[in-house]
Amino acid sequence: MTSWPFLVVAAHFVGAAVLLAMPRRSRRAAVVVALAPMAAAVVMAALAAGAVIDGDPVTADISWLPALGVSLDVRFDALALIFTFAIAAIGMAIITYAAGYFAPEADLRRFLALLVGFAGAMMGIAITDNLFGLFVFWELTTVTSYLLVGFQDEKGSARAAALHAILTTSLGGLAMLGGFVLLFQAAGTATLSEIVASPPSGTTTTVALVLIFLGAFTKSAQAPFHFWLPGAMAAPTPASAYLHSATMVKAGVLLLLRLAPGFAATGVWTPVVLTVGLATMMIGAWRALRQTDLKLILAYGTVSQLGFMTALVGLGSPVMLHAALAVLVAHALFKSTLFLVVGAIDHQAGTRDIRVLSGLGRRLPWLALIAVLAAASMAGVAPLLGFATKEAAVAALLDEHAWIALAVISVASALTATYALRFVFGAFGTKPPSGEVDHVGPEVAAPGPTLWGPPALLGAAGLVFGIVPGAVDAVVSAAAPGGKLVLWPGWNLALGVSIAIIAAGVAIYAAPAALAHLQHRVAARLAALHVPSAEGSYRWLIDMLNRVADRVTGITQNGSLPVYIGVILITTLTVPAAAWIGAGGALPQLPPLGSAAEIALGVFVAVVAIAVLRAKRRLAAVILLGGVGYSIAGVFVLFGAPDLALTLLLVETVTVAVFAFVLGRLPRRFEEQPWRLGRAMRAGVALVVGGFVTAAALVTNGIRTAPPVADVYVELAPDAGGRNVVNVILTDFRALDTLGEITVIAAAAVGIGALVMRTRTQRRTDDVPDTAREAA
Amino acid sequence: MSITLAVTAGILFAAGTYLVLQRLLTRIVVGLGLMAHGANLILLGAGGEPGAPPIVGTADPATFGDPLPQALVLTAIVITFGVTAFLLALAYRSWALTAEDTVEDDIEDRRIAELRRREHP
Amino acid sequence: MRFRPSLLLDVGARSMVPTLVLVSLYVLVVGHDEPGGGFIGGLLAGVALLVVFLAGGAAQVSRVLPIDPLTMVGAGMSVAVATSVAGMVLGAGLLDAGKLELDLAWIGKISVGSTLVFDAGVYLVVVGLVAMVLTRLGAREETAP
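Protein chains in written order, with this note's numbering: chain A, 1 to 776; chain B, 1 to 121; chain C, 1 to 145.
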């Protein structure tokens, strides 16, 4: 069955590939190619919306490795609808913006390819209903976001930030994979919707959940893993806007939202998720107040808002999930707007430092208006979407008497209002002249339409949806029924709390000296307690890892090849031998000696092999090796393996030729080199190995009990359209193995190319051995 | 698996091991080639007694040799060829750079080991 | 092992090489039913290239090859991967085989299975490897003093 959601996701990857293949200069065409899959996603989402909101998701099973339970089951439900729409719509705004943002010499095509691929992976997370399919897309976002964060790869700081991001999120992803496997074991299915419908319980499930939490928390920048996100602002601003709004960091919350209906009642859910969410919300808001870089204020703001969503999901009741999803939608809109505004400021003024910017509001009033709208939404001011969503959250908290959560969220929300003010006045306000810095502002040129258009649209959406929250509420309620978004809740307690929050925020902003004093005291107290910072812990961990790696390498690898080979040989000998003795050490009946032809060929092979050992000339050794090969081809014929015999004959022919090329450059005779292992020692090791191989072959064959798998292959081969069973196995039954094998061959070909192409430029050094050889 | 096959494979392994335990890269490559032949014989022998070529319609399926080991050996032969060619390219390069066809101790490994000894005497 | 052109080899190569290439393609196509297939076919074509090499050196090998060896390896890998993934996109599992029956009037019926396409990918990779060896490792022969 053709599945439109799946095809739309695939179209993103095709678009990314096409972009990479395009010439660098065709910027306009690149923008069109990048927009196309996203436009398709918007159309697809719009067409499917009616049925999906009515609770009739579009599903399809796309099997991948059905035997392992891995498939790309598509389930396009309301949650997927929200995400797909947000990813595509915000993505289109950002692509348009990027076209005006990047300088003509920047590689816009590569940026767009990464962005589109990233969007496709993110959409994949949203529409997949299979744990392992989800994991694959999850890791794809990790990799593409790594490339996006490190896009300006000539900057060391960008590379470090990208490394930090990928280390954190991929380690979390690894833990999550472990959790998925355990959950798969416990539930007996890898289909998410089935698992949530009848959730397993018990210790395995608890461990699985904790591991999955690690994945979600690292991705969504929850404390103590939050530190990678502010660092990730090293990405170009359009990428930051995307990472912070509709994608990447939302993946963790999305996963929690998917799991919550089934597992929120589990003992481990609320304590862990709520605590982490509340802590993150506080830490983020607190640190946002200290920043002077506009982008950093927003980055810590994102950390805080993600904590807010996580805390709501942690409470887990339907009305909380509804509020969390609504907050997520509002956040996607206002945070993308704000980042794009910062990008426009940075692009025009050349700085994002609020100590330097001054008077921009008078110079760029329209940009300021957009920023005020979005910041007000962030602070929760009516009539913006941010107000309706925060109001829904506060009302839900009051309803459920979640007093502690309400208290923490209120304080952090007040701080949010403070840093929203700090952002607006920092970016657009006029500061008193100071002797320390030269202000930038009045002389800044107005940005072009590509730089203010997209944020204006996104900001306006926040206003429209704030006035008509029913539009958002319809989809959000379809995904998480339970709550309601309204423009005006009437005079009630929740509204009172909201007003108090904003008033407190304004009050804190009005007393900067007191705030600075408090920040200073908290920092001093934390330092006195030796609380490790998230950043410091990360540095320490990486440093430790490097040191341990050095030490392990120092112990296990002394650089001597015979020691390495010795270890390998000893392992080869002892492990099977131990297994055999452990199993009782039964001696099998000796098999027959073999036919006369077999014996004759065997003796010949043995004689030639020993002759190889005694060969003094390289070419002689090679030709004798070829002789061994041809005799073994004879054995293959005896065993009814014409394919093998043909292959080996051809391979030996070509191999001798290859040896001849190389040997043409080397001295004819082997020089005897001293070796740490003496001749007798070598012979001893060789005999032990040879004897062991013979014994192992006899023993393992003698105790074989299972019938050959291949009987089935022989029966099935005609159905598969072939009579040569060996070939049918290679190209059909076990084609995956063959695919792996030709990959090895391709790698060897590439390796040869890399090794020998170089020598052409090294002809001068090549001449040295020739003269040296003649002298010798 | 007949005794002959097992013994032949053992001899190939012994000869291969002897050659691999030296410094000359070309000899090591030859040694690996011998070992690969031995391994292929064992794989083939794992399929049981000699039989007819497993091509449906040419003989009674009951008399077929086991096709699965044959498929494994076939790819193993081609991979051995690829690896041999690659190792020879390495030997080539080593000779072009240093005029030596020998495998030295890994200098990088030695350096790390040295570092550790200095830190933890 | 310095390269010396030889009339006998040159004439021999001219007649042998096309035959060998044809045989290799035949072996590739019938591989599903008779001994043969992508590996053997590819190696046979490789031997044809070896004959070309012996007659005319690495330069001649590069000349007779329609495309660069590495491109050939890449093309082979792409064909093999594409056939594997095609099964998935078309609704069956990864690496599931399908086939297309063609009725070519007086030539008779042939069926082009996805397995044959996969095997053609294998063929290209193997030919590419041999060509790589001949053009790269072999090329140095000519520059040798």
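Derived by calculation from the structure, the hints in this document are not laboratory data. Nothing here was measured: the structure is a model prediction, and the numbers come from that model. Don't be surprised by glycine CBs; every beta carbon is placed ideally from N, CA and C. A hint or two may mislead.
[Unchecked claim] Across the chosen pairs, the derived CB separations fall in these ranges:
1) Thr653(A) / Asp10(C): 12 to 22 angstroms
2) Ile67(C) / Ala106(A): 32 to 42 angstroms
3) Asp10(C) / Ala747(A): 51 to 61 angstroms
4) Ile67(C) / Leu20(A): 15 to 25 angstroms
5) Val575(A) / Ile67(C): 38 to 48 angstroms
6) Val709(A) / Ile67(C): 33 to 43 angstroms
7) Val468(A) / Ile67(C): 35 to 45 angstroms
8) Gly684(A) / Asp10(C): 51 to 61 angstroms
9) Ile67(C) / Ser157(A): 58 to 68 angstroms
Hints violated by the structure (listed by number, smallest first): 3, 7 and 9
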